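Undergrad: Dock chain B against chain A, hints included.
As they're listed, the protein sequences go chains A and B.
Heads up: the first sequence begins at 1 in the numbering used here, then just goes up one per residue.
Heads up: the second sequence begins at 1 in the numbering used here, then just goes up one per residue.
These are calculated hints, taken from the structure and not from any lab test.
It is possible that part of the hints are untrue.
Unchecked claim - Ranges between beta-carbon positions, derived for each pair:
(1) A:Gln213 <-> B:Gln250: 22 to 32 angstroms
(2) B:Ala237 <-> A:Thr111: 49 to 59 angstroms
(3) B:Glu190 <-> A:Asp135: 50 to 60 angstroms
To be verified - If the Cβ cut is set under 10 angstroms, some of the chain B residues that face chain A in the computed set are:
(4) Ala6
(5) Tyr94
(6) Arg98
(7) Ala100
(8) Pro138
(9) Leu141
(10) Ser142
(11) Ile145
This one's a predicted model, so the numbers in the text were calculated from it and none came from an experiment.
Note that CB positions come from ideal geometry on N, CA and C, so glycine has one too.
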Amino acid sequence: MTCALEVHNIVKTFGPVRAVDGLSFAVARGTIFGLLGPNGAGKSTTLKILTTLSRPTSGTASVLGFDVVKRPLDVRQRIVSIIQETAVDLLLSVRDNLLTFARFHQVDTRTAQRRAAQVMECFRFTAEAERKVQDLSGGFRRRVQVAKAFMVETPVLFLDEFSTGMDPLLKREVMALLRNEAHRGRTIVLTTQILSEAEELCQDILIIDHGRQVARGDLSALKLLAKEVYEVSMTFDQVPESIESELQTVPTLRARVENNTLEVAFKAPDGQVLEVVTALARNRRVLRLEVNGASLEDVFLELTQEEVKS
Amino acid sequence: MTAINAMVYREAKIRATNLVFIFWDVFYPLGYMLVFGVGVNAALGSPLVGEGVDYNAFFLASVLGMASFGIASNTSWSFFLDRDNGIFFEMLTYPLSRSAYMLGKVLFTLLVSLVQTLITVALATVLFHIHLRWDRMPLLLSVMIVGTAGWFFLYAIFALSTRRNDIFNTVTSILYFVLLFASNLFYPLEPLPKWFRAAALANPITWQIDCLRWATIGVGNAQVVAMESIAFIVFAAASFLYAARCLQRQQ
Numbered sequence: 001m002t003c004a005l006e007v008h009n010i011v012k013t014f015g016p017v018r019a020v021d022g023l024s025f026a027v028a029r030g031t032i033f034g035l036l037g038p039n040g041a042g043k044s045t046t047l048k049i050l051t052t053l054s055r056p057t058s059g060t061a062s063v064l065g066f067d068v069v070k071r072p073l074d075v076r077q078r079i080v081s082i083i084q085e086t087a088v089d090l091l092l093s094v095r096d097n098l099l100t101f102a103r104f105h106q107v108d109t110r111t112a113q114r115r116a117a118q119v120m121e122c123f124r125f126t127a128e129a130e131r132k133v134q135d136l137s138g139g140f141r142r143r144v145q146v147a148k149a150f151m152v153e154t155p156v157l158f159l160d161e162f163s164t165g166m167d168p169l170l171k172r173e174v175m176a177l178l179r180n181e182a183h184r185g186r187t188i189v190l191t192t193q194i195l196s197e198a199e200e201l202c203q204d205i206l207i208i209d210h211g212r213q214v215a216r217g218d219l220s221a222l223k224l225l226a227k228e229v230y231e232v233s234m235t236f237d238q239v240p241e242s243i244e245s246e247l248q249t250v251p252t253l254r255a256r257v258e259n260n261t262l263e264v265a266f267k268a269p270d271g272q273v274l275e276v277v278t279a280l281a282r283n284r285r286v287l288r289l290e291v292n293g294a295s296l297e298d299v300f301l302e303l304t305q306e307e308v309k310s
Numbered sequence: 001m002t003a004i005n006a007m008v009y010r011e012a013k014i015r016a017t018n019l020v021f022i023f024w025d026v027f028y029p030l031g032y033m034l035v036f037g038v039g040v041n042a043a044l045g046s047p048l049v050g051e052g053v054d055y056n057a058f059f060l061a062s063v064l065g066m067a068s069f070g071i072a073s074n075t076s077w078s079f080f081l082d083r084d085n086g087i088f089f090e091m092l093t094y095p096l097s098r099s100a101y102m103l104g105k106v107l108f109t110l111l112v113s114l115v116q117t118l119i120t121v122a123l124a125t126v127l128f129h130i131h132l133r134w135d136r137m138p139l140l141l142s143v144m145i146v147g148t149a150g151w152f153f154l155y156a157i158f159a160l161s162t163r164r165n166d167i168f169n170t171v172t173s174i175l176y177f178v179l180l181f182a183s184n185l186f187y188p189l190e191p192l193p194k195w196f197r198a199a200a201l202a203n204p205i206t207w208q209i210d211c212l213r214w215a216t217i218g219v220g221n222a223q224v225v226a227m228e229s230i231a232f233i234v235f236a237a238a239s240f241l242y243a244a245r246c247l248q249r250q251q
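Bound conformation, chain B alone:
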């Protein structure tokens, strides 16, 4: 546990003493919420087709999902930072196991994610007067924890498998574009073409957003959400196992 604490402390020191990271980790997804809240909500009017809620309420889960996805992407880039600084291999000789190295990084990411969740939820309530399901707050936090961990492990696979920063950045940009847009993050799926819906339903972002929407504003089918939760947990576990394997292979 001491080794994991040291790892979390190190990650926190690096990110908390650099303003750029604080912006990307905490404030960037909030920008989406403010822009969409003012612009898109007014343009679309309410209630949103098929959902019975306005766009602000619909989009709250999306902001949380983007925060989860974005923070995981930002912090998994730290594998590259460690490698470019040369310290990656030296750290593997520190008194910590390779899994502690990975767990330390993911724990720190989860802490940032939880802070982000609390800020987003508070702003959504105060600025947009969204009626939250406070009784489902523990579920919301659980979804953010499992979701962020899952995305972090997925990104870690790419960060540990490729040695080049430019390839990693390209992969993450493509993932960001494809996964976020081919999902229910920006729009409800019902009015969309059948092939698009099929692609979106196979996308783990959709699973996470459905869970988040159910946990924040109560929209969604409980059975579907339960199935998607299980699917996401399996996805996160598989990503973890593969990322751990990639880390073990480093020498």
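Bound conformation, chain A alone:
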């Protein structure tokens, strides 16, 4: 069986800038695939190539076996792409936005109307169904845009920063919907800067930076790449004034103090983590202490910072 996506050594240059620099990967059907990377890493450019918006300078890419350059229409018939920028017909009502989108994908009128009713209920804008989108808030517009993806049943779905402007409750519901779509066999490709989203959703993750692959695998495989990284959360009765200078002696990946709680991620050889924690807690009243292994955010930071250093 062919993969949902196959990318071979694609390069995309803009003048002297290599936005994508020899990227290769494949994505199995029915998986939720996360494409992660810092700003300017080449995520959106890669997505633009896969959704036929942009042509690669060299290399090949295919969606469900159809080459994105040679067979763009065949690719478009099998995908939905929700781009990063809010994209809706402002002068149409919410319902007409959904119905018009379905018409492009050749969904018959009756089915489209039934689905529109379901989607509007799910995304909680039934009351706004007949309002023009230009009269709705930015967050609402984004919801209408994302809702369109559920109007059709294309086998591949691309989502670029899908949760922008969504409240936490709706975000959770959309994430559940996405998991459900993947269970039904739909391949979902998403980019996000919110790593907890990727951690919760993605079965397969590719981290890129400067247009190149930095790491690839499922969550547990990626966490192994940062096996000596720990996250410590420590709540004091009062944050010590010297904490910042003390942290300078620890190889921190990130550190944050908020409401008397210190959250720090650092790299320490096995066995030495307790020494660091003990040093930070010595002669202080600690109300709560939590030590965890690396999160995806830690892996991401470590790998992309290493890339910067190199």
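TA: Just chain B now, kept in the frame of chain A:
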């Protein structure tokens, strides 16, 4: 064909559910006809110098030409609307080719143009008692179709080449002013200075208006009209090819 249908449906939905668009698309050029019909026709008297018809009859082709030019300008602005709404690039990932995207827009524009033609012709007959050449009605509709498409593609070039709405509006305003006034749209060319006539004869608006005048009231030289028709078709085809190229370059 389904993709083009969807595109036409979308354009129609957007414009038919917004009163401002209906005014600009359908009623605005009729305003010209009524104002000129009552005012200028009375002021100039008839028959109009050199044409042997009154100003109302002379101006009918001009109203149709303005409708064609104006509708093309209004609907080509929808490229900007799509871009400002962010949906332009998302639509390029919909299951339609880029040429279908463009053809859908132009087909809708042509439909509006044909509706406008029928309303204008009906009003001209009923209100101003203009004697139309009904036998040339198919030619009139063809001229409106080719004319509107040509102007649409010309505007599409500017809409797709410039990223800024204010630049586009400036360009279209200048085009509107220069092309409409440096032509035979408002006045016959014969009494005008030689340099002005030369400029007007090189203006595609003049070609279209000559064809429209010949098709509506029978005024004009058949050979000249035939040559101008060919010139306009070449202009429309060139505009289409360049507009298509501009659309292909979008990424």
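Undergrad: Any hints from earlier that this structure breaks? Give me their numbers in increasing order, please.
TA: Violated hints (numbers, rising): 2, 8, 9, 10 and 11; every other hint is consistent with the structure.
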